[in-house]
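Each protein sequence line maps, in turn, to chains A and B.
Each residue of the first sequence is one higher than the one before, counting from 1 in this note's numbering.
Each residue of the second sequence is one higher than the one before, counting from 1 in this note's numbering.
The hints are simulated quantities; they were obtained by calculation from the structure and are not laboratory data.
Glycine included, C-beta positions come from ideal geometry on N, C-alpha and C.
Just to be clear, a hint being listed does not mean it is correct.
Only some residues are given here: those of chain B computed to face chain A with a beta carbon under 10 angstroms [as the list claims (entries may be wrong)]:
hint : residue
1    : SER27
2    : LEU57
3    : PHE114
4    : LYS122
5    : TYR123
6    : LEU125
7    : ILE126
8    : ILE140
9    : GLN141
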Amino acid sequence: MIKIEFLGPIGKDPIEVDIQNLTQLSDILKSDKELEHWLKSSAVAINDTIVQQKNIELKDGDKISLLPPVCGG
Amino acid sequence: MQYLELYNGSLPVEKITNNWYNDFKLSNYGAIITFVGVVRDENGIDGLSFDIYEPILNSWFDSWQQKAKKQNAIVLMAHSRGDVLNHTSSYISAICSPQRKVGLRLIDEFVEDFKASAPIWKYDLIDGKRVYAKDRSTAIQGAGLLS
């Protein structure tokens, strides 16, 4: 299983999903009306490293984080 | 000492900046350049509030430390978690550098990248509620991968 966590203001509890890649995750998250508008502006990290491409094979136990727009300081 | 410090609530500015000065004044850095961010009273807010995702903040900060090291400098940073009231500080950063010009350039680049990349989320405190500062926030490079 892959754990998905939603950081900062997204305000949604983590979920666990059975997926092999980010395209499958995209399809799952797009079907959630609460999340849909966050997807366009959120970056994605796998095991705490931000990724820039979808073409990454996921392994059981991986953690994916969605990071919405930031503003420190 | 820790080069990256996180505090609950407002930052104890004098303590932090005095510690940095005392820790590094003997290290032969010719320039210690400090930036202190203070929460302004504007738009009817009582203050700001912050969430931080520490694992990615730590790796982002480490990459900046490496970048500074190549220029014989170091980066220091302190940031608040949770609520920070108006007229107090939520953010301090500093560059210690042998050369003033390198330090001034690095502090500018560091603060700009901090605003664009550090995984910290800001909320306005209005009537006891946290309101996400969406309009002042910046999407991290690569955002939209799942859209």
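When the structure is checked against the list of hints, which entries are broken? Sort them ascending.
1, 6, 7
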